[in-house]
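Protein sequences, first through last, are from chains A and B.
Heads up, the first sequence stops at 237 in our numbering, and the numbers go up one at a time, no gaps.
Heads up, the second sequence stops at 248 in our numbering, and the numbers go up one at a time, no gaps.
No lab work stands behind these hints: they were computed from the structure.
Hints should not be assumed to be uniformly reliable.
To be verified - Facing chain B, from chain A, some residues (calculated, C-beta under 7 Å):
| # | residue |
| --- | --- |
| 1 | Ile22 |
| 2 | Gln26 |
| 3 | Ile94 |
| 4 | Gly186 |
As the list claims (entries may be wrong) - Quick list of in silico lysine-lysine cross-link-like pairs, DSSO-like style, CA-CA up to 30 Å:
| # | chain 1 | residue 1 | chain 2 | residue 2 |
| --- | --- | --- | --- | --- |
| 5 | A | Lys203 | B | Lys164 |
| 6 | A | Lys214 | B | Lys201 |
| 7 | B | Lys164 | B | Lys25 |
| 8 | A | Lys4 | B | Lys164 |
We put the beta carbon where it would ideally sit given N, CA and C, even for glycine.
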Amino acid sequence: MDWKQIANAPWIWICGAVLAVIALYQCTAFSILAVKILKRHGLQKNDVLGILRGAAITSIGPVMVELFVMVALVVALSPGIAWQREGAAVGSVITELIQATNAAAGAGQELGGQNFDMNGFANVIFVMNVSCIGWMTAAGFFTRYLGKARQKVAGGDSLWLAALSVCATLGIFGYWASTNLAKGGGAMVAVVAGGILAAFFFKLADWAGKPRLKEWALGLAMFGGMFLGKLYAGWGG
Amino acid sequence: MQAHHKLQAICPREYAEEFSRPVHKIGMITCGLAVLANLLPPAWLYLQYGVLPPSAAIAKGMGLALTYAVPFFIIEPIIYYPILGDAGTYMSFLTGNISNMRLPCAAVAQTVAGVKEGTREGELIATVGIALSIWLSIFAVLVGALATGWFVQFFSPWLQDAFKSYLLPATWGAVFGLFALRGLRYAPAALVLALSAILLKWPPSIAIPITVFGTIIFGRVIYNCSAGNARDTDRQGNASNLDKNGRE
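Throw the hints in and build the complete structure from the sequences for me.
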């Protein structure tokens with residue numbers, strides 16, 4: 001059986017719906033609790049509408065970027081898997097792509113490659129879903145202790161905490177970028193172009209005084225790097 | 001868009017009994033359910049299609065995935081908690097997209113309502129803002145996944161190959177480029193470690209931990225040296241003041 005036959009079947013859409021319902025119940029219950037107390041302390045209907053309007057407008061840009069970048073997950077796996085992973089759960093397309101790539105590598109395969117088969121697909125489903133449980137466990141069981149934990153782990157040094165997460169991200173993305181650099185040809189061009197374009201668009205946002213452009217930097221760089229890599233390969237690279 | 005009415009201060013006991021306590025209860029239960037919901041896809045895949053990956057593949061895949069994820073399990077709740085508060089933390093870690101969507105929505109909601117972050121009123125307002133962003137993003141992703149899936153079938157073979165072969169490499173390069181801007185002095189170490197491991201033909205299960213933890217260790221050394229230099233500069237500045245003034 002080919003993995004593509006089941007990657008978009010009803011089962012994965014239902015799994016996504018289950019997670020979405022849990023997330024929607026949680027956020028609705030919390031906001032009802034919050035609004036009940038706020039109304040007793042002076043919150044008016046107009047205030048609520050203003051808050052909702054502000055949050056909605058703020059969400060538009062990031063949601064559009066997420067949909068733009070989500071194409072990568074749809075193409076690599078399926079729309080159903082993109083829904084199940086992006087609706088609730090981790091939410092970040094990039095994290096999901098990395099974990100899917102790691103999972104395929106664990107099965108000795110390349111995500112979306114010629115050798116990607118049912119074993120690789122099953123490993124992707126397992127690893128993507130199980131590996132994100134840590135975030136929910138951390139929130140679910142340790143939120144009430146987070147104030148104290150912050151002091152212990154950082155040693156009071158929040159700057160090092162931020163640097164640590166940058167180093168971890170550079171490490172993992174540096175590895176997968178380097179595997180494609182080592183291949184040469186269009187893959188190498190795609191990596192280099194993606195990196196340069198991302199940095200360029202990010203800096204352009206500052207130079208041009210258009211901070212919203214930063215939200216689009218990643219998506220534009222991804223597709224720009226993709227096209228340049230394909231064009232190079234098409235010309236005999 | 002400012003609130004027309006100033007919110008009255010909320011007493012701590014009322015806040016604890018009517019908000020904090022139920023939030024922790026609902027938060028723990030829903031996060032527990034979400035953990036089970038994440039086990040559903042691999043279980044369903046096995047029960048309906050009889051497919052289970054080999055245990056060696058699971059072990060290697062999980063090892064690679066956790067090498068990347070574990071530092072973030074620990075760091076992210078700690079970094080974001082002061083801004084998100086209790087309810088915001090539960091919601092954000094269940095749905096993701098924290099720094100690009102949940103945090104900005106919390107900040108805007110607080111600005112509109114004229115409350116400060118870190119206060120009880122601020123957390124309540126942030127809760128409403130984050131909740132709306134979750135409703136919007138979940139439905140947008142549903143529509144987006146359906147529409148994209150339909151859309152992609154009309155791509156030409158050239159474009160389909162571009163997506164299949166070059167989108168992921170471009171993505172790795174783009175994210176690396178963005179984070180290199182934030183940590184330019186750490187980026188070369190990540191590339192050197194990764195390329196060395198690849199040229200030595202080490203398998204990913206060894207190369208990835210070496211690259212990730214090696215970059216973190218290198219980063220710590222650089223960070224300590226920078227912090228040490230800053231302290232030395234401070235001391236020299238103070239010492240010249242002492243000489244100049246003859247007193248502390």
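Just to be careful, I want the Cα atoms of Lys203/A and Lys164/B compared with a cutoff of 30 Å; is the pair within it? holds (29 Å)
Proposed interface contact between Gly186/A and chain B, which counts if any beta carbon pair is under 7 Å: Interface hint status for Gly186/A: holds (6 Å vs cutoff 7 Å).
Taking only the CA atoms, is the gap from Lys4/A to Lys164/B under or equal to 30 Å? Satisfied, since the Cα-Cα distance of roughly 14 Å is no more than 30 Å.
Close enough to count: is the Cβ of Ile94/A nearer than 7 Å to one in chain B? holds (6 Å)
Given hint Lys201/B paired with Lys214/A - CA-CA distance at most 30 Å: Status violated; Cα separation ~37 Å.
For the hint on Gln26/A, just tell me whether its beta-carbon gets within less than 7 Å of chain B. holds (4 Å)
A closest beta-carbon separation below 7 Å is what the hint needs, so does Ile22/A meet it against chain B? Holds, about 5 Å.
Would the pair Lys164/B and Lys25/B pass a check requiring their Cα atoms to be no farther apart than 30 Å? At roughly 44 Å apart (the allowed maximum being 30 Å), Lys25/B and Lys164/B break the hint.
Of the numbered hints given earlier, the model fails hints 6 and 7; all others are met.
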